[in-house]
Amino acid sequence: MKYICSVCGYVYDEDSEKIPFTELPDDWTCPMCKAPKSLFESEEETEAPEIREIEESDDMEQLSPGVLAALFSNLARGAQKQYKTRESELFSEIAGYFTAASPSLPEADPEMIKELTENDLTILYRNLNDIASSAADRGALRVKVWGEKVTKIVNAIGSRYIREGGDFLSSTEIWVCSICGFVYIGDTPPAICPVCKVPDWKFDRIEGGT
Amino acid sequence: MKRIAVRNLRLCTKDCLCLYVCPNGATDTEDSIIDKDKCIGCGVCADACPSKAISMVIQDYPPQQKKKESVVNAINRLAENKAKEEKAARQIASSTTDNNLRRLMNAVARSSRLVAEDLLREGGYMLPQSSNSLDLLASLIAAPPSDEFPMKAANEILSTIECNDRTGRGKYRCTVCFTEFEEEDDGEKPSCPMCHAEGKALEKL
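As you go down the protein sequences, you meet chains L and G in turn.
Position 153 of the first sequence, counted from 1, bears residue number 154 in the numbering used here, the numbering being contiguous throughout.
Position 14 of the second sequence, counted from 1, bears residue number 21 in the numbering used here, the numbering being contiguous throughout.
Hints are computed from structural coordinates only; laboratory data are not their basis.
Treat the hints with care, as some may be off.
To be verified - Derived Cβ-Cβ restraints for the label pairs, each shown as a range:
hint, chain 1, residue 1, chain 2, residue 2, range
1, L, R143, G, C19, 29 to 35 Å
2, L, T86, G, K73, 25 to 31 Å
3, G, M158, L, M33, 44 to 50 Å
To be verified - Restricting the straight-line Cα-Cα distance to at most 30 Å, the calculated cross-link-like pairs of lysine-lysine (DSSO-like) are:
hint, chain 1, residue 1, chain 2, residue 2
4, L, K85, G, K45
5, L, K82, G, K59
6, G, K211, G, K73
All residues carry an ideal CB built from backbone N, CA and C; glycine is no exception.
Start from the sequences and build out the full structure, keeping to the hints where you can.
As structure tokens, then:
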């Protein structure tokens, strides 16, 4: 039997490995992207998980300050890539305004990150997948694939922190791919991003300061 | 399609063939940045460069493909959640004393922002010069969310970036009476407001 990493596509082929997949220790991780064992799917696993309906809401036209922050920081990036330096700075200024204007959440803890990302994975990404597939929108399917993989890794790392505390981060670095947002824990970043395949120099080392 | 040459300093090995071939001296600068006012977009420097350090950057972008409303809604819903994840991560990072948790939350905040940016890019905000982006700015200027909203920045962008996908409203010069005019937005063929010349008598500006 073959088991495939749902983040990077690494194949664990029992025929060429000494240990059957199920007998690998629970803390075994993907040799390529360090996704936990639980994110592997067996080759035969095809059962489509039940799709939960999402409530339609009418207020989707109004984008929240947090979304506007990302919208404008994205336009700042777009302007920068077109060598429009001044416009890029101006878009960044507007993005900064919306980042600061984003209202505080009443309570925020790692559990909340875990719940939000679970909601993304079980409902929102599946919803996007269905809608983008029926609209034959390849661009939307692409953003779904990258975002879903990144969300899986963030959810897995957050869950690990909740389970065992932060010791596993103590003597190593945290890296974020500056293109797709993939999070990697290790002394050096991977040679290429397991999700979007950019080279290692596109990874940013995350510092502790705020 | 208008293009200008841009040099990537990471790749430039100072073979200086661009300098030798440029017909207009655009690459002859003290700061290694190609003079975009002198560049005529011929691309000869890019062809001559042995290190492939010069690329021709497009100036007139085609419009982004239209998205279905259902796709945009599904994308925006995710972007809202990503913004919430970013906010939660920022709050945790700023309130904790545990350096490991702070690093992890800084990473989550950055990652969530990048995923949200990517979603919004797909959802119709790829280009700063699109009518989507510029209309949004105009609506924020018309009804600023608060007094702190950076009006000056928003106005400056609107005055410097030209929209790439607004339909109609072409500018014409009449070759009969030399009147310059803007097309009406009424779906009719453009015609000169002075002498009513149409078709080939009009020169698109």
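Going down the list of hints, with the structure as the test:
Restraint check, R143(L) to C19(G): a C-beta distance of roughly 32 Å satisfies the suggested window 29 to 35 Å. Between T86(L) and K73(G), the C-beta spacing of about 30 Å keeps the proposed range 25 to 31 Å intact. For M158(G) paired with M33(L), a C-beta distance near 48 Å keeps the hint of 44 to 50 Å intact. The suggested pairing of K85(L) with K45(G) holds, with an alpha-carbon distance near 17 Å, which does not exceed 30 Å.
With a C-alpha separation of about 18 Å, the suggested pair K82(L) and K59(G) falls inside the 30 Å cut-off, and the hint holds. Between K211(G) and K73(G), the direct Cα distance comes to roughly 26 Å. Compliance with the 30 Å bound is thereby established for this hinted pair.
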